[in-house]
Amino acid sequence: DTEVTQTPKHLVMGMTNKKSLKCEQHMGHRAMYWYKQKAKKPPELMFVYSYEKLSINESVPSRFSPECPNSSLLNLHLHALQPEDSALYLCASSQFPTSGILYYSEQYFGPGTRLTVT
Amino acid sequence: EDQVTQSPEALRLQEGESSSLNCSYTVSGLRGLFWYRQDPGKGPEFLFTLYSAGEEKEKERLKATLTKKESFLHITAPKPEDSATYLCAVLGSEKLVFGKGTKLTVNP
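Sequence order for the protein chains is A and B. Note that the working numbering has the first sequence beginning at 1, numbered continuously upward. Note that the working numbering has the second sequence beginning at 1, numbered continuously upward.
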């Protein structure tokens, strides 16, 4: 099984709402990622979790709060978002070598959640 | 700062018309170069990883090659279902850096 699943597929939320995005993988991967992708742009890395611990935060505003409850699940909690946060939010996972060096092997992406902030 | 430039931005081919996509990079200490395919509204689909100059990988009608400065994705006798945006990403000393992609359209 090389599938990464994401829910919901679409989400519309107001600027005062609190919502969460969910990502799940069962490939035994120990690195999981959140990306943001605007239309006709490449994915932009937001967060990286390795062995369920946050290892990278690319200076993402605090209105985005990631959580990794276990090795298969990754959540992104959203609060007080702005219209410019509307985008496709992608989750990915990859194997994590034990070399001790932060290293991105092949990443498997989910289908994304299309977020619209009104 | 690591940089990735893909060309052309868009490419239109007739079915069966072979061509190549280019990914030029400047990176300190290349650890890997990755090719992905992305369909509209979907997440990228992993295609290939290349680690060192001279390396080649093939999958169906696609062949990826790597030199010290660039990578090519060769598409042989493409079909309409090959239409997608092809993303190149490089891993240097820090994070994965994506190019802006090449949007490929294959007309029947």
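Treat the hints with care, as some may be off.
Claimed, not checked - In silico contact screen, one side only, chain A against chain B (beta carbon under 8 Å); selected entries:
(1) V60
(2) P61
(3) F64
(4) P66
(5) E67
To be verified - Each computed BS3-like pair below joins lysine-lysine, with the alpha-carbon atoms no more than 25 Å apart:
(6) K103(B) - K40(A)
(7) K9(A) - K69(B)
(8) K79(B) - K9(A)
Said to hold, decoys possible - Stretch by stretch, here's where chain B covers chain A in the computed footprint (C-beta under 8 Å, at least three residues):
(9) 50–57
(10) 108–117
Bear in mind the hints are in silico, worked out from the structure with no lab data behind them. From the three backbone atoms N, C-alpha and C, an ideal C-beta is built for every residue, glycine too.
query: Does P66(A) meet its interface restraint, that is, does its C-beta lie within less than 8 Å of any C-beta in chain B?
result: This hint is violated: P66(A) lies away from chain B, its Cβ roughly 16 Å from the closest one there, beyond 8 Å.
- request: Mind checking the alpha carbons of K9(A) and K69(B) for me, to see if they're no more than 25 Å apart?
  value: violated, 38 Å
field: When the least beta-carbon distance from V60(A) to chain B is tested against 8 Å, hint result
entry: With a closest approach of 13 Å, the V60(A) hint is violated.
field: Coverage criterion applied to the region 108–117 of chain A (partner chain B; beta-carbon cut 8 Å; 3 residues)
entry: holds (count 6)
message: Hint E67(A) vs chain B: min CB-CB distance below 8 Å?
response: It is violated, given that the least Cβ distance between E67(A) and chain B is near 20 Å, above 8 Å.
field: Agreement of hint P61(A) with chain B interface, Cβ distance less than 8 Å
entry: violated, 18 Å
query: Taking a Cβ-Cβ distance under 8 Å as contact, does the region 50–57 of chain A have three or more residues in contact with chain B?
result: Violated: only 1 residues of the region 50–57 of chain A have a Cβ under 8 Å from chain B.
query: Is the Cα-Cα distance between K79(B) and K9(A) 25 Å or less?
result: violated, 29 Å
task: Classify the hint on F64(A) as holds or violated, based on whether any CB of chain B lies nearer than 8 Å to its CB.
output: For F64(A), the interface hint is violated, since the closest Cβ of chain B sits about 17 Å away, which is over 8 Å.
Hinted pair K103(B) and K40(A), Cα distance within 25 Å: holds, 9 Å
This entry does not satisfy hints 1, 2, 3, 4, 5, 7, 8 and 9, going by the numbered hints stated previously.
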